[in-house]
Amino acid sequence: MTDDQTLKGRRNALKCMAYGGAGTLFALAGGVFTPIDLAIAADSKDAAKSFGKPLFVQLSDTHIGFAKDANPDVTGTLTSAIDLINAMSQQPALIIHTGDITHLSKPEEFDLAGQMFSRIRATELHTTPGEHDVADAAVSEYFSRFGKASANRGYYSFDHSGVHFVSLINVLTFKAGALATLGAEQLAWVTADLKARSSSTPIVVFAHMPLWTIYEPWGWGTGDADQLLQQLRRFGSVTVLNGHIHQIVQKVEGNMTFHTARSTAYPQPVAGTAAGPGPLKVPAEQLASMLGITSVSEVKHPRSLALSDTTL
Amino acid sequence: MRHRANRPLPTAVSVVALMLVSAVAPAAPPGPPESTRIAIKDFMFTPMKLTTHVGAVVTWVNQDDEPHTTVSATGLFRSGALDTDMTYTFKFDKRGTYQVFCSIHPQMTATIIVE
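Line by line, the protein sequences are chains E and V.
Here the first sequence is numbered in the working numbering, starting from 26 and rising by one per residue.
Here the second sequence is numbered in the working numbering, starting from 64 and rising by one per residue.
If you're looking for bench data, these hints aren't it; they were derived computationally from the structure.
Please note: incorrect hints may appear among the correct ones.
Said to hold, decoys possible - Computed cross-link-like contacts, PhoX-like style, restricted to lysine-lysine with a CA-CA straight-line distance of at most 25 Å:
(1) V/K154 with E/K93
(2) E/K131 with E/K276
(3) V/K104 with E/K200
(4) E/K131 with V/K104
(5) V/K157 with E/K306
(6) E/K131 with E/K93
(7) E/K276 with E/K78
(8) E/K220 with E/K131
(9) V/K157 with E/K93
(10) E/K93 with E/K276
(11) V/K112 with E/K220
(12) V/K154 with V/K104
(13) V/K112 with V/K157
(14) V/K154 with V/K112
(15) E/K78 with E/K131
(16) E/K200 with V/K157
No experiment lies behind these values; they were computed from the predicted model shown.
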């Protein structure tokens with residue numbers, strides 16, 4: 026990155042932060058959210074103690090390569106998001122990217138995204154692809170860069186701080202006119218993977234497309250996710266994270282918390298309010314308030330996870 | 064095959080003859096189209112159902128701000144991501160009914176019948 030670009034990035038970050046509204050922190054206890062205004066949470070010096078240790082930050086829908094009216098500067102807004110993460114007083118252990126890293130699956134888009142991610146202070150980056158990352162004719166650009174963790178299957182699991190993370194892929198088995206699916210092979214794998222965990226293990230499941238049906242006419246759901254959700258019901262703390270829809274939608278069902286993240290690139294319309302789920306152009310001064318990141322903290326008593334959304 | 068519109072016409076007489084035939088028999092089947100376009104706009108393929116002939120070359124053009132793809136349901140062909148104004152072309156060499164969809168928005172479907 027040249028000095029010019031760095032300066033431009035910093036300027037954008039400052040500009041965006043000036044525009045950004047405060048987010049809301051959701052402390053989760055026993056499956057119930059307690060919303061706390063982030064401005065109040067951030068004011069408190071004991072915020073980290075009160076709201077738990079930051080475990081990871083969810084980045085989503087960075088769409089590197091997009092340059093249309095809805096946001097001509099997606100690298101600027103991703104830079105703001107990375108600056109925001111790097112400035113956290115307690116660094117998260119992990120970054121989870123829930124897909125649509127790129128806009129058109131072009132090699133140069135992946136390369137630029139990779140360069141930008143390398144600026145993140147947190148050392149562990151976990152990803153799952155979005156449909157925009159597997160849109161190249163050969164479906165090879167994503168896997169040649171990020172396929173190693175899953176041995177090119179697209180799904181894998183790992184543990185961190187006693188939390189079990191499951192990364193799933195629901196952007197490959199598309200059929201005409203149908204919702205996304207996980208597929209029988211992946212479902213069999215995840216069933217076996219979860220069987221080995223005790224019910225007291227906090228579980229985080231992430232995929233790009235929502236794992237619950239938000240709006241079927243726009244494909245905002247996963248056709249065979251119910252078989253997965255059944256496996257998750259016995260666990261005491263389950264957090265299901267997705268991207269794809271570029272806006273926050275949440276649901277709590279028993280001990281399961283579902284959360285879709287904002288994009289760092291551009292907003293999308295509310296379900297059913299446009300011809301399709303394309304980029305939504307908003308006045309420039311509103312844009313930063315519609316983009317953002319989600320951070321997830323670990324709460325010790327009772328042991329659960331707390332979600333906090335921050336706009337750019 | 065007698066009156067392909069794109070064949071160079073040798074004389075003025077032929078032009079008159081062609082016009083007469085068109086006027087008298089407007090329903091006469093045209094020759095096989097050499098090229099057919101399918102627009103991708105507002106998250107839809109237009110037309111959604113296309114009937115054409117063996118050897119036809121179909122070109123999809125994306126007119127949305129959002130990228131789309133055109134993918135055969137049987138895996139016969141798969142475009143890469145088409146950004147605004149980008150096109151993808153496929154030549155249909157065999158009869159049959161072909162279902163296509165967008166792999167980014169699989170609710171977008173179209174059917175191409177090759178006779």
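So, going through the hints one by one against the coordinates:
1. Between V/K154 and E/K93 the CA atoms are separated by roughly 32 Å; this puts the pair beyond 25 Å, and the hint is violated.
2. Restraint check for E/K131 and E/K276: the C-alpha separation of about 34 Å exceeds 25 Å, so the hint is violated.
3. A distance of roughly 20 Å separates the Cα atoms of V/K104 and E/K200; the hinted pair therefore holds under the 25 Å criterion.
4. This hinted pair checks out: E/K131 and V/K104 have alpha carbons roughly 23 Å apart, not beyond 25 Å.
5. Pair hint V/K157 plus E/K306 does not hold up; C-alpha atoms about 43 Å apart against a cutoff of 25 Å.
6. Straight-line distance between C-alpha atoms of E/K131 and E/K93 comes to about 17 Å, which keeps the hinted pair within the 25 Å bound.
7. For the suggested pair E/K276 and E/K78, the alpha carbons sit about 23 Å apart, so the restraint of at most 25 Å is met.
8. A C-alpha spacing of about 38 Å is found between E/K220 and E/K131, which places the hinted pair above 25 Å, so the restraint is violated.
9. The straight-line distance between the Cα atoms of V/K157 and E/K93 is roughly 39 Å, outside the 25 Å bound, and the hint therefore fails.
10. For the hint linking E/K93 to E/K276, the alpha-carbon distance of about 32 Å lies beyond 25 Å, and the restraint is violated.
11. Taking the CA atoms of V/K112 and E/K220, the gap is about 47 Å. The hint is violated against a cut of 25 Å.
12. A threshold of 25 Å between alpha carbons decides the hint, and for V/K154 with V/K104 the separation of about 22 Å falls inside it, so the pair holds.
13. Only pairs whose Cα atoms come within 25 Å are accepted, and V/K112 paired with V/K157 is accepted, the gap being roughly 17 Å.
14. Of the supplied pair hints, the one linking V/K154 and V/K112 holds, its CA atoms being roughly 17 Å apart against a limit of 25 Å.
15. Under the criterion of a C-alpha separation no larger than 25 Å, the hint pairing E/K78 with E/K131 is inconsistent with the structure, at around 37 Å.
16. Of the pairs offered as hints, the one joining E/K200 and V/K157 holds, with about 22 Å between alpha carbons and a cut-off of 25 Å not exceeded.
The structure does not agree with the numbered hints 1, 2, 5, 8, 9, 10, 11, 15 stated previously, though it agrees with the rest.
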